[in-house]
Amino acid sequence: MPPTPCAICRTNRALILRPKDHSKLCKECFINVFETEIHHTVTTNNLFNRGEKIAIGASGGKDSTVLASVLKTLNERYDYGVELILLSIDEGIKGYRDDSLETVKRNAKQYDMPLTILGYDELYGWTMDQVVEQVGKKGNCTYCGVFRRQALDRGAVRLGVKHVVTGHNADDVAETVLMNLLRGDLPRLSRTTSIVTSTPSASNDPNSHTNIKRSKPLKYAYEKEIVLYAHHKNLDYFSTECIYSPEAFRGSARALIKNLERVRPSAILDVVRSGEDMAKLVPGADESCGGACSSQVPAAEEEEGGCGSSNGRNAGGKMASMEAHLAQNEVAAENGLEIEITMNGVNGQRHNRQDGGTASVVNGKKGRAKGQAFTPRKAPKQQVMGQCKRCGYLSSQEICKACVLLESLNKNRPKNHIEVSSHMQEETNGEVHNVTRG
Amino acid sequence: MTDQPCMRCKENAAALVVRTEPLCRKCFTKYVHTKVIKRMETFRVRNSAPDQQRKILLPISFGVSSVILLHVLDHHLKNQKAKTGRTGYVLIVLFVDTSSVECLAQRENLLSQCQERYPDHKYASAPLHDVFSIQSPEHKSLLGLVSEMDLEPEADRTATEQLSALMKSLTSATARADVISTLRTRLIVQYAKLTGCEGVLWGDSTTRLAEKTLAETAKGRGFSLPWQIADGASPFGVTFNYPLRDVLKKELVAYAELSEPTLLPLFNDSSSNTQQPSMSSKNTTIDNLMEQYFESVEENFPSIVSNVVRTTSRLEPSQGSASESRCKLCSMPVSDGRFGIHGWGGDQQDGLENLSAERSHGLCYGCTRSIPQAAASRNLSG
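Sequence order for the protein chains is R and F. No gaps in the numbering here: position 276 of the first sequence is 786 in the working numbering, and each next residue is one more. No gaps in the numbering here: position 138 of the second sequence is 179 in the working numbering, and each next residue is one more.
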């Protein structure tokens, strides 16, 4: 059998089975197609402005390395006129970050881009290894994700950058769509499908770190193609997964995405499309303009889940706790409905069959909530974005998620940060401090 | 397990544990019936005028769910009749025969056995290819689609030939399953209108609706989910209701096993449980994947399954969707004329020829994924 020619140039021998559509391409055409598609994403979404300084969130992994390489190539080829720099966050995970940061440092030389590395310890006083030591391996991805989100924005401010691009790929976005369906989180589903997000400034301070634009130029690029591109371009990247496993929802969604891709290669893209379409159907989304304008930039996530690590080996954690919570609600709702019916007759004399006063109040409340759910199309409550009172970061709560997490961490570690009013106590505290430090 | 007393009646021994509650056979039966009848509130006797019978269509596949739905509703109607002397609705039971396009171990005479057991309802059977011959306003678009695909240029093909030509053009197991279920839904809606039914009662369990949510998302049909999961108006002029939406699949299986007299002879052999999950991805469909996935989720996390369905039911159809143009295959309203798989962020081709050719085919994103030939044939010739 003669070698199959490339489906595009029809001259070279096809060596690559393109993951996205299973077309057979030669190396040059594949690289060209891959780059052209990213260029297409950048231009049709007007991601960049001429003269803009853009920080690439770089981890040394395949996604951000490919992003840096492609953006450098495209910036030169199509003259975007943007200034590209690298920004790395050191979570403080021994054996994971040490090596990958070395990779980023080499990348900085290879691509001739300035690099800044910011550590969690520098920003929060905690490395991830220390966090894990304290909270265990369950749920540590939440800390990591929350801290990283802010870390990039804080880093961007230090560098005087208003725009951060990240290496999120189509697999990541599809995974997030399925994960949010599984978690029943419609508002987040609608926010995370957007290619551009921003943390709109809640203050007038131009240096505030709440006014950073985020975008994902690789949003429509398949993970497998990113790996192929890195391989054929001989890119220097660090391939290891985070040693802490992902929480169950994400792990579960990721496994599903992989299986879907095997059955129908276009499925990843199809999930992304569904996610974009469904974002418009979430009640309250785009309400201000009657759903007509899609130009509105969604607010960025305060918390963007964990990292994209890929094995779903731990099956417990969040799924189990959410299950327990939901099951409790169901029981309460059922009892609550019964209470409401009997209330008509007994006129305020509430008697829960199982236990007394407090429970029936709680159940009554839950019952009403469920009662509303029966009338279809209840709009989820609108989040009002404000600023964290501690750190000034954009938050829907009074205290942002990072500060809440930090508070719980710090509570359990005697430290010199504890403020004490009386001198006596300060002395004793100081001793304790010395002991623990020493 | 049998040593435990039933948590509700406290008298009988529990036969199974339902969402942490040990229940006896009788209380479990009541539990399932209550969940279904709660969803049938709009069809109470007081909501129907004595001189005008409300008719609803119940499509039956002889799977566990649809047979149990018929069984419970038969009971419901008998109760209504006993209490008020009349019923709030009548049922028309329709079996769509897909044996010409998919291999199912179908037992003989299931429909007549059902009729014998529940004689108060009307029964009908229709082959899938009827979707090409029942005259309706939407009917033309479907014929147009098949002839446009240029499969066989003769205009006077029989409905059977049209169906098999369409099926032959599909290249994957997922596409075949997708098109069969789309055509089946179309036929059921056509039949409902033809027989004057105001709505369709679907047998989907909670688990099935959750499967459907993720499967349709994976097929690029996220836009049509509000019409596929929620109770109420459908875009087809009849209402859709899912009375089993609060019952898990494993609960239905348990109900079937505990039924007395047994319902087992009414099921067809290929009940989902015995199906071998074929691991060759060639024959696996997206629906299979989701079925396997939720089978495992349902085992340990039943409330998460219900939560998926509850959440998805809150999606709102886009405004003015009733007047929007429809997909020629699935008949779903497509917002802003976004037909085809080109011309959005995820489409990386700049060519506008693809776009306009594809848009003119009038297939939605999901249907274009299943029937790419329609677009391809144009592109090659043009």
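Among the clues, some could well be false.
[What the hints assert, rightly or not] DSS-like, lysine-lysine: derived pairs with alpha carbons at most 30 angstroms apart:
1. F:Lys122 to F:Lys79
2. R:Lys768 to F:Lys209
3. F:Lys209 to R:Lys534
4. F:Lys96 to F:Lys234
5. R:Lys921 to R:Lys604
6. R:Lys921 to R:Lys899
7. F:Lys67 to F:Lys124
8. R:Lys768 to F:Lys323
9. R:Lys734 to F:Lys323
10. R:Lys619 to R:Lys534
11. R:Lys537 to R:Lys743
12. R:Lys768 to F:Lys234
13. F:Lys122 to R:Lys537
14. R:Lys534 to F:Lys323
Simulated from the structure, these hints should not be mistaken for lab results.
Evaluation of the provided hints:
A threshold of 30 angstroms between alpha carbons decides the hint, and for F:Lys122 with F:Lys79 the separation of about 18 angstroms falls inside it, so the pair holds. The straight-line distance between the Cα atoms of R:Lys768 and F:Lys209 is roughly 28 angstroms, inside the 30 angstroms bound, and the hint therefore holds. Proximity of F:Lys209 to R:Lys534 is assessed by CA-CA distance (about 25 angstroms); at most 30 angstroms being required, the pair is judged to hold. Pair hint F:Lys96 plus F:Lys234 holds up; C-alpha atoms about 10 angstroms apart against a cutoff of 30 angstroms.
Between R:Lys921 and R:Lys604 the CA atoms are separated by roughly 24 angstroms; this keeps the pair inside 30 angstroms, and the hint holds. Between the alpha carbons of R:Lys921 and R:Lys899 the distance comes to roughly 18 angstroms, so the proposed pair stays at or under 30 angstroms and holds. Proximity of F:Lys67 to F:Lys124 is assessed by CA-CA distance (about 21 angstroms); at most 30 angstroms being required, the pair is judged to hold. Taking the CA atoms of R:Lys768 and F:Lys323, the gap is about 15 angstroms. The hint holds against a cut of 30 angstroms.
Of the supplied pair hints, the one linking R:Lys734 and F:Lys323 holds, its CA atoms being roughly 20 angstroms apart against a limit of 30 angstroms. Restraint check for R:Lys619 and R:Lys534: the C-alpha separation of about 34 angstroms exceeds 30 angstroms, so the hint is violated. With a CA separation close to 9 angstroms, the supplied pair R:Lys537 and R:Lys743 stays within the 30 angstroms bound. At most 30 angstroms may separate the alpha-carbon atoms for a hinted pair to count; R:Lys768 and F:Lys234 exceed this at roughly 41 angstroms.
Note on F:Lys122 and R:Lys537: the hinted pairing is violated, with a Cα-Cα distance of about 73 angstroms set against a maximum of 30 angstroms. For the hint pairing R:Lys534 with F:Lys323, the CA-to-CA distance comes to about 19 angstroms; that is within 30 angstroms, so the pair holds.
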